[in-house]
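Please model the complete structure; the sequences and the hints are all you need to start from.
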Amino acid sequence: MYNEILKNRMEAAILLSKKLKKYKNSNSVVLAVPRGGVPLGYEIAKNLQLPLDIVLSKKIGHPSNKEFAIGAVSMDSTVIDEHLDVSKEYVENEIVRLRSVLREKYKRYRGDREPLVIKHKNVILVDDGIATGNTLLASIAMLRKQHPARIIVAVPVLPYDTIPLFEKKTDELVYLIASKHFRGVGGFYEDFQQVEDEEVIQMLGTT
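Residue numbers (this note's numbering): 39 to 245.
Don't take each hint at face value.
Said to hold, decoys possible - Here are the simulated DSBU-like cross-link-like pairs (lysine-lysine), alpha carbons at most 35 Å apart as the crow flies:
hint: 1; residue 1: K59; residue 2: K84
hint: 2; residue 1: K56; residue 2: K159
hint: 3; residue 1: K206; residue 2: K60
hint: 4; residue 1: K104; residue 2: K45
Said to hold, decoys possible - Derived DEER-like restraints, expressed as beta-carbon distance ranges:
hint: 5; residue 1: N65; residue 2: F106; range: 34 to 42 Å
hint: 6; residue 1: I133; residue 2: H219; range: 34 to 42 Å
hint: 7; residue 1: S125; residue 2: Q87; range: 42 to 50 Å
hint: 8; residue 1: R73; residue 2: R221; range: 19 to 27 Å
hint: 9; residue 1: Q240; residue 2: P153; range: 13 to 21 Å
Simulated from the structure, these hints should not be mistaken for lab results. None of the values given here were measured: they were computed from a predicted structure. Backbone N, C-alpha and C fix where the C-beta goes; we use that ideal spot for every residue, glycine too.
Pasting the structure below:
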């Protein structure tokens with residue numbers, strides 16, 4: 039695909055928009071992963087003339103190693119690895135705690151707006167890159183429960199060896215760079231500045 043480094047999120051969004059042009063003015067919505075995915079989602083939604091919203095999920099960490107995900111939670115559903123030896127009480131407490139965090143986050147970004155209805159619609163799920171992909175996979179599993187027509191994941195960069203998994207879990211995978219020598223998402227951008235909450239709120243407020 040593209041071997042060069044991407045200038046910034048804006049360039050990545052423009053290139054992805056071209057690959058997604060068949061969805062322009064269609065029965066589709068763009069869901070961006072805050073914070074880094076929102077500038078891309080904003081640009082893609084604008085170019086394709088589609089509504090924009092965010093998708094929030096958080097991983098549930100193992101009690102003895104929080105970095106190790108044993109599942110993930112969204113505001114309305116949960117994906118758990120049932121085979122791990124972790125107490126049910128711990129998992130239930132984490133779900134309650136993380137849901138509260140997600141609700142606050144959604145309110146901060148979207149105010150009192152209701153999330154977009156995605157039933158029978160194409161969902162274009164956008165982030166600024168995939169590293170492990172665990173949280174994104176959880177988001178996909180959760181979105182499936184709402185019966186969208188199709189789930190399309192659109193990302194500028196991902197590790198080459200994650201392609202088969204994402205092709206299996208989505209209806210379409212759209213990407214620019216699939217690296218066999220993955221060095222973190224930021225390594226594929228010249229400019230990979232942190233996106234601030236205020237920027238996210240402003241972009242979402244104008245859609």
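Hint check:
no. : hint                       : verdict
1   : K59 with K84               : holds (12 Å)
2   : K56 with K159              : holds (20 Å)
3   : K206 with K60              : holds (21 Å)
4   : K104 with K45              : holds (33 Å)
5   : N65 with F106: 34 to 42 Å  : holds (39 Å)
6   : I133 with H219: 34 to 42 Å : holds (37 Å)
7   : S125 with Q87: 42 to 50 Å  : holds (48 Å)
8   : R73 with R221: 19 to 27 Å  : holds (21 Å)
9   : Q240 with P153: 13 to 21 Å : holds (19 Å)
The structure is consistent with each of the numbered hints, conforming to all of them.
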